[in-house]
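S.K.: Kindly produce the complete structure, drawing on both the sequences and the hints.
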Amino acid sequence: MKANCWQSKKKMSVETVPDPKILNSQDAIVKITTTAICGSDLHLYNGFVPSMQQGDIVGHEFMGEVVETGKSVSKLKVGDRVVVPFPISCGKCFFCEKQMYSLCENSNPNAWLAEKMWGHSPAGIFGYSHLLGGFAGGQAEYARVPFADVGPLKIENGFTDEQVLFLSDIYPTGYMAAEACDIKPGDTIAVWGCGPVGQFAIKSAFLLGAERVIAIDKIPERLRMARELSGAITLNFDEVDVLESLKELTGGRGPDACIDAVGMEAYGHGPVYAYDRAKQAMMLETDRPIALREAILACRNGGVVSIAGVYGGFVDKMPFGSLMNRSLTIKTGQTHVHRYMKPLLDRVERGEIDPSFVITHRLKLEDAPHGYDMFNNKENECIKVVLKP
Amino acid sequence: MATQWETHPGARTMGPLPVVGRSTLTANGKTNRQANTATTDLLINSLGWFSIGLGLAEVLAPRKVAKITGARKHTGLIRAFGVREIISGVGILTNRRAAGWVWSRVGGDMLDLASLGAAMTRSGRNRSKTLLSAAAVAGVTVLDIRAAQQVSAQKEEHDALDRLEASVIVNQSPEECYTFWRHLENLPRFMSYLESVRDMGNGRSHWVALAPGNLKLEWDAEITEDKPGQTIAWRSLQGSEVTTTGSVEFQKAAGNRGTIVRVQMSFAARGQALARLAKLAGKHPEQMVYKDLRRFKQVMETGEVITTEGQPAGRTSGATWLDSIAR
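If you read the protein sequences in the order shown, they are chains Y and S. Per my numbering, the first sequence starts with residue 1, numbered consecutively. Per my numbering, the second sequence starts with residue 1, numbered consecutively.
Hints in this document: simulated from the structure, not taken from any laboratory. Computed from a predicted model, the values in this text were never measured in an experiment. We put the CB at the ideal spot given by N, CA and C, even for glycine. Please note: incorrect hints may appear among the correct ones.
[What the hints assert, rightly or not] Now the in silico label distances, taken between C-beta atoms and shown as ranges:
(1) S:110 / Y:284: 23 to 31 Å
(2) Y:11 / S:230: 52 to 60 Å
(3) S:230 / Y:351: 33 to 41 Å
[Stated by the list, open to error] Facing chain S, a subset of chain Y residues (Cβ under 8 Å, in silico):
(4) 3
(5) 17
(6) 23
(7) 25
(8) 50
(9) 54
(10) 93
(11) 107
(12) 112
(13) 133
(14) 135
(15) 141
(16) 144
M.R.: Given below as structure tokens:
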């Protein structure tokens, strides 16, 4: 089959590789009909995620048709159309029982490695480094899906792939970030980053009852999407001082909750940004937490800072005093996708949201490397790339 | 757990045996290795910070350093040495076990001494200052060599197969965990190095292990303690090529959250078997038992061990990234 493989920093290539096989009795093989490039894939692309190996098949947003099932699979059968959640979860451990699926204790064969870096290991994730299991990903013609009875969501209505594909990651990810804000009527929510996850966080914040959402980015078309398709107030951090503007918009109090939908490769201005770029380049800091620092400082007293952006290692100059003295709450985590798939599909069915609104580019799987390059450089007003095998 | 070790000193009844590595048991059940680690850590920690401090001084105030050491004309060199010191220091502090970084300090010391030696032959006026600096560097060199030797020795002792311990929490009852484990023929399902365990009745069993390169190790074992739902202990029979003891304890976790499973194992071997045993254990024997326990948890909770072996990748070489670091 054809599969998009990580070669080295800034280098992906579509290779012909063997088809995946059933390796565990609870596996299914899915013939992929649509897959996508996630913003977090760019962290792999730019070489910021440790433990990638040349040849690893990437991709964790995919859906398709079940073509084979292992002998212990009972809920899925050949021919079922499914969306696959990006974390791999056993459904039986302490965390899966608590519906904290991205913390599954059994799905990361390399848990001992993650424990060395992070203290404890989260769940395995498709195509997202050996630290997170080293599972072959879904930017391919076929994928092996472990614990097939636990993860994949059957799609039995007439929706198109593009309308349901994002249940695999970015729609639940944006939603969980907004849900973590514990939104009350009248709340103002600020969202850093208007990439695909930011767009879903903005939409979800409104769905959950926010009165105002303030969206922060510097890319005009992304701000326009937030403004025109979701009704957000937008701030371009190239043009305005974000902290000042947020104070002005909230009478000096600050937003009730702040969402970081940016993560480890944030952009910014001035000496602090230069400091982070330099430290990251010298491997003295793995992540640039520019958006996160600002989100903390901006948040109102007693508010929530919700982190959906991906961080990998260590950050510097965290305004921890601000966090502590002002009773802020931090909520974060890889998305517990399984928990949200069905209720969020219901919202699609009820016509509350059509997740395909973020798509700007449709490419063939063979053109995945070009898609990465374009998405990474934000060329051609690229916001979201879907790939067709 | 220590008492169980004391009750079943399988290795000791057979006279001195070569154990892989050099750690020995002390009375309180702690190995000498553990006791030494703290002092070595303190030493290398101090050296790491010393490196950074000196390096910063050299980079930021090379003139002052030059004046103190009596090497006035070489501020550029001193600045370069400062960068080297900082790199060594960061390396030491971030890689606590990396002997290479500590040895890099020894190399740096030699450079310093050589440079000071050169300065001494050239400048007569600052001779006494330079001499003093050389003496200080020589002192530090002694410390560096000591630390490097200690860290290198620790690395070897890491390979010991003595008292390998691990624990894990399993979302099943102690009885279920016990029953699965007590059926010894199940062990190869999660102990990756075992090819088979055959129950020969009367609490005796025959174990076959496979080391990389298809090297076989076999031994007979007997159960020495068996409390249903609580604990199982075993040891190899006299005359086996591998001498091993092991025990597992199943403790009901607080709040009805399943079972805490604690395992302790030791391995030793004589003659030719020793090389095969060392291969079996690999570079990180302490990880071996822990990884096995994680697999035990997977089997108990999900019914199987999850794997990625045999999945596709676009690699020219078949080796996985894990192969390169796991062994």
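S.K.: Sort out which numbered hints this structure fails and list those numbers smallest first.
M.R.: 3, 8 and 15
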